[in-house]
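Work out the full structure, taking the sequences as your base and the hints as a guide.
Chains as they are written, first to last, in our numbering: chain A, 24 to 115; chain B, 406 to 729.
Do not rely on the hints blindly, as some may be mistaken.
With a straight-line cut-off of 35 Å between C-alpha atoms, the simulated DSBU-like cross-links for lysine-lysine are [as the list claims (entries may be wrong)]:
| id | chain 1 | residue 1 | chain 2 | residue 2 |
| --- | --- | --- | --- | --- |
| 1 | B | K421 | A | K85 |
| 2 | A | K82 | B | K504 |
| 3 | A | K42 | B | K416 |
| 4 | B | K702 | A | K32 |
| 5 | A | K113 | A | K63 |
| 6 | B | K583 | B | K412 |
| 7 | B | K497 | B | K562 |
| 8 | B | K412 | A | K63 |
| 9 | A | K85 | A | K108 |
Chain A side only, calculated, beta carbon under 10 Å to chain B, not exhaustive [said to hold, decoys possible]:
| id | residue |
| --- | --- |
| 10 | C40 |
| 11 | T46 |
| 12 | T49 |
| 13 | K53 |
| 14 | V58 |
| 15 | L61 |
| 16 | L69 |
| 17 | P83 |
| 18 | D91 |
| 19 | C95 |
| 20 | C101 |
These aren't lab readings, by the way, just hints derived from the structure by calculation. Remember, predicted model here, so these are calculated numbers, not experimental data. Think of the CB as a built atom: it goes at the ideal place given N, C-alpha and C, for glycine as much as any other residue.
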Amino acid sequence: MSAREKGWKEIAPAGVCSKPSITFLTGDWKTYMPVRDLEKCTRCLLCVLFCPDGAIHWKPEKSDIEFDYNFCKGCGICANECPTKAITMKVE
Amino acid sequence: MATQEWKFTTKDIAEKPDLFLSGHRACAGCAPTVVLRLIMKAIRGPTIVTQATGCMEVVSSIYPYTSWAVPWLHTAFETAAANASGIEAALKALKKKGKLKHEHVDVIAIAGDGGTYDIGFQALSGAVERGHDFLFVLYDNEAYMNTGIQRSGGTPKGAATTTSPAGTAIPGKLEYKKPIADIMVAHEIPYVATASPYYWRDLLAKVRKGLEVEGPAFLHVLAPCPRGWRSDQAKSIEYSRLAVETCVFPLWEAVNGQYQLSVASKLIALAPQKKRPVTDYLQGQGRFRHLFTPKNKHLLEEFQRVTDERWQRLLAKCGITAKT
Numbered sequence: 024m025s026a027r028e029k030g031w032k033e034i035a036p037a038g039v040c041s042k043p044s045i046t047f048l049t050g051d052w053k054t055y056m057p058v059r060d061l062e063k064c065t066r067c068l069l070c071v072l073f074c075p076d077g078a079i080h081w082k083p084e085k086s087d088i089e090f091d092y093n094f095c096k097g098c099g100i101c102a103n104e105c106p107t108k109a110i111t112m113k114v115e
Numbered sequence: 406m407a408t409q410e411w412k413f414t415t416k417d418i419a420e421k422p423d424l425f426l427s428g429h430r431a432c433a434g435c436a437p438t439v440v441l442r443l444i445m446k447a448i449r450g451p452t453i454v455t456q457a458t459g460c461m462e463v464v465s466s467i468y469p470y471t472s473w474a475v476p477w478l479h480t481a482f483e484t485a486a487a488n489a490s491g492i493e494a495a496l497k498a499l500k501k502k503g504k505l506k507h508e509h510v511d512v513i514a515i516a517g518d519g520g521t522y523d524i525g526f527q528a529l530s531g532a533v534e535r536g537h538d539f540l541f542v543l544y545d546n547e548a549y550m551n552t553g554i555q556r557s558g559g560t561p562k563g564a565a566t567t568t569s570p571a572g573t574a575i576p577g578k579l580e581y582k583k584p585i586a587d588i589m590v591a592h593e594i595p596y597v598a599t600a601s602p603y604y605w606r607d608l609l610a611k612v613r614k615g616l617e618v619e620g621p622a623f624l625h626v627l628a629p630c631p632r633g634w635r636s637d638q639a640k641s642i643e644y645s646r647l648a649v650e651t652c653v654f655p656l657w658e659a660v661n662g663q664y665q666l667s668v669a670s671k672l673i674a675l676a677p678q679k680k681r682p683v684t685d686y687l688q689g690q691g692r693f694r695h696l697f698t699p700k701n702k703h704l705l706e707e708f709q710r711v712t713d714e715r716w717q718r719l720l721a722k723c724g725i726t727a728k729t
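Encoded structure:
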């Protein structure tokens, strides 16, 4: 066994996914990134619910939302569904 | 279990932690992942999820990563419901022996349209006949998207897929979409409902109701797939709204076989001028592009006619007299 590869006894058994996927960043997939107009945003939180990647977080302590560009794939659902059109997609 | 109506605000739902984690490998603009995220925000306590092979299983469990923050079990394509019945039976046995720490554990089985309409149907039919207490969620993206967009029993007539390509020989799929939710009502199970992610309140309430009923519950959720529908990835949720507004996918629930329209569809039933033509829904979807050529005009008219007929039949089942 080479020094850099793990043997079968050290890795998780087949069929068991052991790592949470939040350690796998999908943010580098995107071409467009959502940018929010703070004036227009009413904090209705629809984008938080409709984000397929859970990349928009509601921060109760700040009463505001936050984009997590580490996971955003740039699909544009948030911009399309935003009732006040506060989100625009810009080339990254 | 107590069946008190579950009340929630948008903030409540936004504050709940995601149990379907970020970092899954779904395509950008995937609506099934929105459905799963929302479903996991509606669970009421300890829950075990079992999932048949399909897009959502593949993207959420690429070794060694998992997107599930709840106990989760993958099973073969055809056996989501069989697996759920096994889990439910095991929980019952453990409870009898006093080895179960929790008072009650919910079981959710999730499958795509291939794993429900076609391959998984006999397992589902058997499991609900035996009366196991579980919620079966069908996320319907209307083809086998995971393996390369092959037609399924859930693909609507006229849709182009890789196994029913629109061309000179055939104009897309030749058969109609199977009314799976009606078939499940015919099994005389306590709860059957249809839902769409755009109407997320309705979806969450239905998931909770499905978990609360004693016995099997079936939830049919439309989940647009931008890759397979050849549509704009930003418009996935918009299509889930248009499907309801055009009555292609009406929202209803059947409690103990009693049909009842849900709010979004009831508004259309009460004010028929709000019902939009199906072309609003079909436009922009590449899989229906050929329907808009002059030669296929009759297919478009047929789509509208069949949609209207199905809508009228549904209204009759709900005891609403059709207005013109």
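Against the structure, the hints come out as follows:
no. : hint            : result
1   : B:K421 x A:K85  : holds (16 Å)
2   : A:K82 x B:K504  : violated (39 Å)
3   : A:K42 x B:K416  : holds (29 Å)
4   : B:K702 x A:K32  : violated (63 Å)
5   : A:K113 x A:K63  : holds (17 Å)
6   : B:K583 x B:K412 : holds (34 Å)
7   : B:K497 x B:K562 : violated (43 Å)
8   : B:K412 x A:K63  : holds (29 Å)
9   : A:K85 x A:K108  : holds (22 Å)
10  : C40             : holds (4 Å)
11  : T46             : holds (7 Å)
12  : T49             : holds (6 Å)
13  : K53             : holds (7 Å)
14  : V58             : violated (14 Å)
15  : L61             : violated (18 Å)
16  : L69             : holds (8 Å)
17  : P83             : holds (6 Å)
18  : D91             : holds (7 Å)
19  : C95             : holds (9 Å)
20  : C101            : holds (9 Å)
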